[in-house]
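Chemist: Hey, can you work out the whole structure from these sequences and the hints?
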Amino acid sequence: FLRAFKSRCNWVMTAHILCKEIDPDHPATLSKKVLRDLLRGEMRYTGLIVSDDMIMKAVTDNYGEEAPVLAINAGCDLLIYRNETAARTAYETCVKAIESGKLSAERVLEAAALSRRFKQEQLADFSEPDVTKVGQIVGIPEHQEIIAKV
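The opening position of the sequence shown corresponds to residue 1 in the working numbering, with each subsequent residue numbered one higher.
These aren't lab readings, by the way, just hints derived from the structure by calculation.
None of these values were measured; they are calculated from a predicted model.
Fair warning: there could be bad hints in the mix.
In silico DSS-like pairs for lysine-lysine, Cα to Cα no more than 30 Å straight-line [as the list claims (entries may be wrong)]:
1. 32 with 96
2. 57 with 33
3. 102 with 33
4. 33 with 20
5. 149 with 133
6. 133 with 32
7. 102 with 119
8. 33 with 119
9. 96 with 33
10. 119 with 20
11. 119 with 133
12. 20 with 6
13. 96 with 57
14. 57 with 102
15. 102 with 32
16. 102 with 133
17. 32 with 20
18. 149 with 6
19. 33 with 6
20. 32 with 6
21. 96 with 119
22. 57 with 20
Estimated spans, in silico, between C-beta atoms of each pair [as the list claims (entries may be wrong)]:
23. 64 with 32: 17 to 25 Å
24. 5 with 136: 39 to 47 Å
25. 109 with 149: 26 to 34 Å
26. 102 with 143: 21 to 29 Å
27. 121 with 149: 34 to 42 Å
28. 149 with 112: 20 to 28 Å
29. 133 with 42: 50 to 58 Å
30. 82 with 8: 23 to 31 Å
31. 149 with 88: 16 to 24 Å
32. 122 with 24: 17 to 25 Å
33. 112 with 141: 42 to 50 Å
34. 141 with 84: 31 to 39 Å
Note that beta-carbon positions come from the ideal geometry of N, C-alpha and C, so glycine has one too.
Modeler: Spelled out as structure tokens, the structure:
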């Protein structure tokens, strides 16, 4: 990790693995000891921290709906959900956690700022597609040939 960070790696994905030597109670994605103390503190990592899929069994079976709050509090800046229903549930959980004080709005804004900075620096300029030209791209004979081969 140190070598990757020194080469200016600007984002890292967590894993839902339990590193008992560092944090015997939480997998890396949900661990302040791993993300804040080790990554941000000791390793001085300043890039984006992205979770692995938050609806993997290692997380859902053991931490349920509290998982997104734990992940953001631990230091994740961007959470990945493989389906919209789970993402919406996580969003509602986070809203309630902010309202109750379990999750600070400042931490959420910090994560959003890191995510926004990453996108501005790394993604090509985005412009809305011209929907009037979709027919010139989708379903053309060249693509139909590829589909037939597949």
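Chemist: Just tell me: holds or violated, for the beta carbon distance of residue 5 and residue 136 against 39 to 47 Å?
Modeler: With a Cβ separation near 44 Å, residue 5 and residue 136 satisfy 39 to 47 Å, so the hint holds.
Chemist: Tell me if the straight-line CA distance from residue 133 to residue 32 falls inside 30 Å.
Modeler: violated (48 Å)
Chemist: Given the hinted pair residue 32 and residue 20, is their Cα-Cα distance within 30 Å?
Modeler: holds (13 Å)
Chemist: What's the verdict on residue 102 and residue 119, does the C-alpha distance respect the 30 Å limit or exceed it?
Modeler: holds (28 Å)
Chemist: Against the 30 Å threshold, does the CA-CA distance of residue 102 and residue 33 hold or violate the hint?
Modeler: holds (18 Å)
Chemist: Is it true that the CA of residue 57 sits at most 30 Å from the CA of residue 33?
Modeler: It holds: about 22 Å lies between the C-alpha atoms, which stays within 30 Å.
Chemist: Given the hint of 21 to 29 Å, check if residue 102 and residue 143 actually sit that far apart at their C-beta atoms.
Modeler: Given about 49 Å between the Cβ atoms, the range is violated.
Chemist: Does residue 6 lie within 30 Å of residue 33 when you go C-alpha to C-alpha?
Modeler: holds (21 Å)
Chemist: Going straight from one Cα to the other, do residue 96 and residue 33 come out at no more than 30 Å?
Modeler: holds (24 Å)
Chemist: Given the hinted pair residue 33 and residue 20, is their Cα-Cα distance within 30 Å?
Modeler: Between residue 33 and residue 20 the Cα gap is close to 11 Å, so the pair holds against 30 Å.
Chemist: When you check the alpha-carbon spacing of residue 33 and residue 119, does it fall within 30 Å?
Modeler: holds (27 Å)
Chemist: Between residue 57 and residue 102, is the straight-line Cα distance small enough, at 30 Å or below?
Modeler: holds (23 Å)
The structure fails to meet hints 6, 10, 16, 18, 25, 26, 28, 31 and 32 from the earlier list, while all remaining hints are met.
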